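Novice: Those protein sequences? They're chains A, B, C and D, same order as listed.
The first sequence finishes on residue 259 if you use the numbering used here, and the numbering steps up by one all the way, no holes.
The second sequence finishes on residue 259 if you use the numbering used here, and the numbering steps up by one all the way, no holes.
The third sequence finishes on residue 408 if you use the numbering used here, and the numbering steps up by one all the way, no holes.
The fourth sequence finishes on residue 408 if you use the numbering used here, and the numbering steps up by one all the way, no holes.
Treat the hints with care, as some may be off.
Stated by the list, open to error - Listed below are several chain B residues computed to face chain C (Cβ distance under 10 Å; list not exhaustive):
hint: 1; residue: 90
hint: 2; residue: 140
hint: 3; residue: 154
hint: 4; residue: 207
Stated by the list, open to error - Result set (DSS-like, lysine-lysine): computed pairs, CA atoms no more than 25 Å apart in a straight line:
hint: 5; chain 1: A; residue 1: 23; chain 2: C; residue 2: 90
hint: 6; chain 1: B; residue 1: 161; chain 2: C; residue 2: 296
hint: 7; chain 1: A; residue 1: 157; chain 2: D; residue 2: 132
hint: 8; chain 1: C; residue 1: 220; chain 2: C; residue 2: 233
hint: 9; chain 1: D; residue 1: 103; chain 2: A; residue 2: 160
hint: 10; chain 1: D; residue 1: 103; chain 2: D; residue 2: 132
hint: 11; chain 1: B; residue 1: 172; chain 2: C; residue 2: 90
hint: 12; chain 1: B; residue 1: 219; chain 2: B; residue 2: 160
By construction, these hints were calculated from the structure, which means they are not laboratory data.
Being a predicted model, the structure only gives us computed values, none of them experimental.
Note that beta-carbon positions come from the ideal geometry of N, C-alpha and C, so glycine has one too.
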Amino acid sequence: MKNHQPYTPREIMTIMAAREIKNGDIVFSGTGISMLAAMAAKNINAPDSVIFFETGAIDSLLEELPFAVADPRIMYWAAANSKLTDAFATMQNPITGKKVIAILGAAQIDMYGNLNTTCIGDYSSPDIRFSGSGGGCDVASFVPRCVAFMQHEKRKFVKKLDYLTSPGQLKGNNTRQAAGLRPGGVSVVVTNLGLMRFDKDSGKMYLDKFYPDITPEKILENTGFPMDVSRATLAVPPTETELKILREHCDPQRLILG
Amino acid sequence: MKNHQPYTPREIMTIMAAREIKNGDIVFSGTGISMLAAMAAKNINAPDSVIFFETGAIDSLLEELPFAVADPRIMYWAAANSKLTDAFATMQNPITGKKVIAILGAAQIDMYGNLNTTCIGDYSSPDIRFSGSGGGCDVASFVPRCVAFMQHEKRKFVKKLDYLTSPGQLKGNNTRQAAGLRPGGVSVVVTNLGLMRFDKDSGKMYLDKFYPDITPEKILENTGFPMDVSRATLAVPPTETELKILREHCDPQRLILG
Amino acid sequence: MTNHLNKVMPLKQAIEQYVKNSSHISIGGFTLNRNPMAAVYEIIRQDIKDLHLYAHSNGTGLDELIGAGCISKLEIAYAGNGKAAPTCIRFARAVQNNEILVEDYSNYMMSLRFMAGSMGLPFLPTLSGFGTDILTKWGFSKSIRKSDPKIVDEKLAVMDNPFGDWAGASKVLLVPAINPDITIIHVQKADAMGTCSIQGLTFADIEQVKASKNVIVTCEELVDKEELRQNPDLNQIPFIHVSAVCHAPLGAYPSAVFGHYDYDSQYLRKFAIAAKNPDEFKKYQDKYIYGVKNHESFLKIVGQERIDAIKADPRTGYSVNMKRD
Amino acid sequence: MTNHLNKVMPLKQAIEQYVKNSSHISIGGFTLNRNPMAAVYEIIRQDIKDLHLYAHSNGTGLDELIGAGCISKLEIAYAGNGKAAPTCIRFARAVQNNEILVEDYSNYMMSLRFMAGSMGLPFLPTLSGFGTDILTKWGFSKSIRKSDPKIVDEKLAVMDNPFGDWAGASKVLLVPAINPDITIIHVQKADAMGTCSIQGLTFADIEQVKASKNVIVTCEELVDKEELRQNPDLNQIPFIHVSAVCHAPLGAYPSAVFGHYDYDSQYLRKFAIAAKNPDEFKKYQDKYIYGVKNHESFLKIVGQERIDAIKADPRTGYSVNMKRD
Chain A
2 MKNHQPYTPR
12 EIMTIMAARE
22 IKNGDIVFSG
32 TGISMLAAMA
42 AKNINAPDSV
52 IFFETGAIDS
62 LLEELPFAVA
72 DPRIMYWAAA
82 NSKLTDAFAT
92 MQNPITGKKV
102 IAILGAAQID
112 MYGNLNTTCI
122 GDYSSPDIRF
132 SGSGGGCDVA
142 SFVPRCVAFM
152 QHEKRKFVKK
162 LDYLTSPGQL
172 KGNNTRQAAG
182 LRPGGVSVVV
192 TNLGLMRFDK
202 DSGKMYLDKF
212 YPDITPEKIL
222 ENTGFPMDVS
232 RATLAVPPTE
242 TELKILREHC
252 DPQRLILG
Chain B
2 MKNHQPYTPR
12 EIMTIMAARE
22 IKNGDIVFSG
32 TGISMLAAMA
42 AKNINAPDSV
52 IFFETGAIDS
62 LLEELPFAVA
72 DPRIMYWAAA
82 NSKLTDAFAT
92 MQNPITGKKV
102 IAILGAAQID
112 MYGNLNTTCI
122 GDYSSPDIRF
132 SGSGGGCDVA
142 SFVPRCVAFM
152 QHEKRKFVKK
162 LDYLTSPGQL
172 KGNNTRQAAG
182 LRPGGVSVVV
192 TNLGLMRFDK
202 DSGKMYLDKF
212 YPDITPEKIL
222 ENTGFPMDVS
232 RATLAVPPTE
242 TELKILREHC
252 DPQRLILG
Chain C
84 MTNHLNKVMP
94 LKQAIEQYVK
104 NSSHISIGGF
114 TLNRNPMAAV
124 YEIIRQDIKD
134 LHLYAHSNGT
144 GLDELIGAGC
154 ISKLEIAYAG
164 NGKAAPTCIR
174 FARAVQNNEI
184 LVEDYSNYMM
194 SLRFMAGSMG
204 LPFLPTLSGF
214 GTDILTKWGF
224 SKSIRKSDPK
234 IVDEKLAVMD
244 NPFGDWAGAS
254 KVLLVPAINP
264 DITIIHVQKA
274 DAMGTCSIQG
284 LTFADIEQVK
294 ASKNVIVTCE
304 ELVDKEELRQ
314 NPDLNQIPFI
324 HVSAVCHAPL
334 GAYPSAVFGH
344 YDYDSQYLRK
354 FAIAAKNPDE
364 FKKYQDKYIY
374 GVKNHESFLK
384 IVGQERIDAI
394 KADPRTGYSV
404 NMKRD
Chain D
84 MTNHLNKVMP
94 LKQAIEQYVK
104 NSSHISIGGF
114 TLNRNPMAAV
124 YEIIRQDIKD
134 LHLYAHSNGT
144 GLDELIGAGC
154 ISKLEIAYAG
164 NGKAAPTCIR
174 FARAVQNNEI
184 LVEDYSNYMM
194 SLRFMAGSMG
204 LPFLPTLSGF
214 GTDILTKWGF
224 SKSIRKSDPK
234 IVDEKLAVMD
244 NPFGDWAGAS
254 KVLLVPAINP
264 DITIIHVQKA
274 DAMGTCSIQG
284 LTFADIEQVK
294 ASKNVIVTCE
304 ELVDKEELRQ
314 NPDLNQIPFI
324 HVSAVCHAPL
334 GAYPSAVFGH
344 YDYDSQYLRK
354 FAIAAKNPDE
364 FKKYQDKYIY
374 GVKNHESFLK
384 IVGQERIDAI
394 KADPRTGYSV
404 NMKRD
């Protein structure tokens with residue numbers, strides 16, 4: 002995507018995700034850009050947000066960027082090092098879980114924010130096999146707010162998932178609660194083109210914000226299902242301060258920003 | 002009870018219980034005489050038995066006798082200090098649980114080895130209230146072998162318990178398994194008069210051993226229900242070696258032996 | 084650390100803020116070890132009543148709270164306190180005189196109930212207790228249960244194993260979750276944010292804390308964040324679970340704190356003797372609880388001699404060769 | 084310590100004794116951390132086949148075992164290995180080519196399944212996964228399940244909450260227990276009896292160990308019992324759960340061991356590149372696995388330079404400013 006803006010697509014995506022994180026939030030983080038968004042929020046808009054990993058480390062110092070959620074870098078100077086069962090219980094438990102915001106990625110997303118990280122093609126004999134759920138299904142089941150990072154392409158924004166790994170609003174309306182799930186799942190989708198949210202009644206994805214230089218039409222062209230764009234407004238682009246902190250404090254070697 | 006023997010009732014009870022412990026057993030121990038029996042076994046006949054507490058300490062050094070299962074004396078030089086849920090899981094888990102032998106006490110016992118440690122009289126408004134189950138119900142539910150220490154009196158060996166706290170053979174025959182319990186519960190009762198075991202078919206208590214100076218008749222007089230004494234033989238009294246180790250190594254200050 | 088992460092406050096204020104009449108409460112420790120006694124005595128002084136207490140085996144704190152009439156309902160596994168009181172004395176009297184409603188579970192069941200609460204689950208399964216009166220005899224009637232939304236409708240439930248005889252179990256017993264309004268624990272070390280390091284056995288403290296809507300931590304040592312961050316493996320409770328942190332040296336006295344001090348068997352025996360006689364017990368309470376304004380002044384009455392006698396040996400974590408009776 | 088409590092033996096012997104063709108096995112660690120690689124490579128050298136592997140997220144060890152054709156059935160939550168392999172390469176190929184049968188769960192579900200096994204329960208409940216294909220799509224058919232008594236009849240089960248809406252849950256999802264024939268973990272410190280001290284995150288190692296019929300522990304340091312007894316709070320695994328103890332310095336290489344060494348991102352990338360090409364992968368295996376007789380000789384080929392590069396900084400527990408790509 003050509004870009005006349007003073008920021009890269011990765012930079013605006015990171016800032017848009019970081020703005021979703023509020024002070025006091027417990028941020029369930031993966032690695033890569035999701036980790037960077039969590040660090041950006043902590044340095045820009047949510048100094049008292051707490052970074053937390055499914056492997057059991059909480060509020061790690063992160064002197065160096067971890068490359069995996071089991072990277073020894075997350076074990077240093079944490080508030081506590083525990084284990085998987087404790088970490089997931091912290092999210093399943095609504096007393097702490099209600100403060101958790103998660104950042105997830107996926108190979109496919111549908112109009113209800115359900116995610117596929119398992120396979121393309123038939124599950125029993127897939128064309129492409131991915132890593133699988135990891136903690137994704139658990140997080141999407143428990144956590145009230147989830148940010149999904151996606152590249153905005155038709156083949157990724159699909160009518161029907163090849164495999165439903167992590168629950169969003171399932172089939173919309175009250176189907177999520179009816180299935181036994183707590184309210185939650187993916188609440189915002191951050192892509193290289195804009196920001197999508199979900200209608201609180203129908204559970205359907207709608208366009209909330211489009212980036213400078215991007216039109217709602219372009220976003221629809223890259224989306225494999227119909228989507229309401231009537232509520233869409235232009236996103237406030239990353240400020241100079243946001244970009245400065247992101248570039249100079251969070252990823253000076255551009256390990257993730259590229 | 003008058004006693005012409007070179008040992009006290011507490012001493013013979015402790016030795017009889019200690020003989021039930023085999024090398025490699027994990028001994029679930031309370032305090033008082035049950036702790037002393039566990040220490041006697043370790044010093045006399047089962048050097049590789051492991052003493053273990055419901056509070057989560059395992060193989061503690063026990064330089065001093067603990068007065069409670071939460072006594073700080075059990076936390077020193079243990080193989081591991083954990084917690085209640087871990088300790089009970091170790092017994093509920095058959096892989097480790099099958100090696101566990103427990104030593105329990107009770108206010109009442111019935112002919113099927115069910116125990117009452119809760120109350121005398123109506124539960125909702127008892128004449129006498131006791132401490133309650135503690136871990137007793139759990140241990141009697143999980144553990145294949147349990148020793149019950151009792152004073153041998155009619156009011157303690159009763160036809161019907163005022164409250165069934167810890168399961169033995171319930172109503173005998175296969176009622177224990179039918180209720181959902183694993184095989185186990187109280188397998189031997191050690192009193193100041195003799196040793197009782199349970200018929201493997203009927204689940205009923207029978208007299209196995211009577212002590213020197215004690216007759217089966219005297220034991221029946223002090224038992225509140227009919228009991229088979231036809232299999233009873235004279236107990237081998239504590240040897241000089243057993244008594245020497247018990248007195249000199251296990252409780253030199255006679256804190257428990259009195 | 085920003086201000087809203089600093090949770091340090093005086094114990095008096097923490098109790099006022101988080102413990103109300105009719106609160107559902109749990110306290111940490113086990114029999115004569117690590118009971119949050121500074122907090123227990125403060126609750127008594129603040130005359131907080133009608134508490135619903137969830138206890139596995141909290142001997143020392145339990146019997147003081149019952150003795151002071153703070154408790155109306157009790158769910159419990161074990162009410163004994165070592166050699167001084169094989170059965171807690173005020174507990175037994177209160178039950179025998181129908182002054183409190185009590186519902187019995189086992190220690191594993193109570194621990195699992197806190198664990199279920201800490202996991203955000205409605206229940207956990209166990210293979211314990213089939214065929215016992217723990218399953219059949221309820222302390223709270225159906226009508227009491229219906230009238231109080233904070234009490235679960237069924238004491239326990241039994242179900243068939245939906246996975247056939249997987250793990251060799253034909254049935255499982257389900258114990259309902261506990262989520263107290265407030266849990267109070269006493270630990271060796273905490274920082275101002277509320278991260279805790281417990282030395283020695285943790286009993287069910289971690290599960291009680293994580294199950295609870297609010298948590299007060301009292302600590303022997305209020306330490307810098309940096310000290311705890313140096314060994315995260317020893318911090319069982321991260322700050323996200325904690326509401327208030329109160330510095331309370333000797334805050335578990337007369338119960339023990341491993342590595343710091345032993346239980347005071349003389350004090351516990353004195354309590355046990357007084358507890359048997361209403362007049363003596365009133366004198367005891369007037370002198371040691373109502374007659375003092377806080378735990379510090381309580382400890383002054385107890386006297387330095389006792390405090391020296393129970394001081395822990397650094398090698399063993401308890402008071403070696405202490406006279407115990 | 085008497086002889087029958089001394090469990091120390093050579094790794095080769097421990098694998099021969101406890102890992103058989105068709106064993107149900109689990110390994111410790113998580114993605115690129117604390118995988119028991121010395122044991123994994125020994126299993127490959129001993130050409131043990133038809134293994135049924137239970138994994139939550141064992142990246143490094145998982146992909147080597149699959150690459151060597153040791154695995155026929157796999158129950159798993161996540162098969163990725165950090166930057167070098169967002170999806171494990173030999174895993175993806177094997178699934179796409181129908182060379183292994185795979186059944187998917189989530190990380191929490193797999194952890195709870197080990198936990199259920201460690202608690203002697205047939206299952207544990209969770210609120211995760213309703214409405215997903217994890218619940219509806221099974222990797223093992225009913226007939227395969229019936230034919231193998233070691234595979235549970237139902238992948239998962241859903242039940243209504245028997246306690247009404249207690250804890251706000253209308254339904255719970257039940258995950259069946261796992262009790263492997265053998266679990267292998269790598270830890271920082273163990274003694275000859277098998278008591279273990281893990282530094283840093285324990286992942287699901289403790290639950291895997293306690294759920295398992297037999298357990299092999301490989302350790303960086305084989306220490307005296309006395310060293311571990313000085314701080315029982317740091318010993319997560321008491322000896323009663325352990326069958327064999329093998330001293331294996333750098334035994335997790337190329338995965339990391341907190342406080343000892345980092346993961347070798349160069350080696351992992353080399354593996355990933357080779358894994359994409361059958362000929363290259365055979366060369367890789369011939370050189371690093373089949374071409375050596377044990378882990379020590381493997382490390383000689385790896386070379387001191389890499390081992391120095393990943394050496395952990397004593398302050399942080401990892402290799403500071405290590406070149407990672």
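Novice: Could you run down the list of hints and mark each one as holding or not?
Specialist: Structure-based check of each hint:
no., hint, result
1, 90, "holds (8 Å)"
2, 140, "holds (9 Å)"
3, 154, "violated (17 Å)"
4, 207, "violated (22 Å)"
5, A:23 with C:90, "holds (20 Å)"
6, B:161 with C:296, "violated (43 Å)"
7, A:157 with D:132, "violated (38 Å)"
8, C:220 with C:233, "holds (20 Å)"
9, D:103 with A:160, "violated (46 Å)"
10, D:103 with D:132, "holds (8 Å)"
11, B:172 with C:90, "violated (55 Å)"
12, B:219 with B:160, "holds (18 Å)"
Hints 3, 4, 6, 7, 9, 11 from the earlier list are contradicted by this structure; the remaining hints agree with it.
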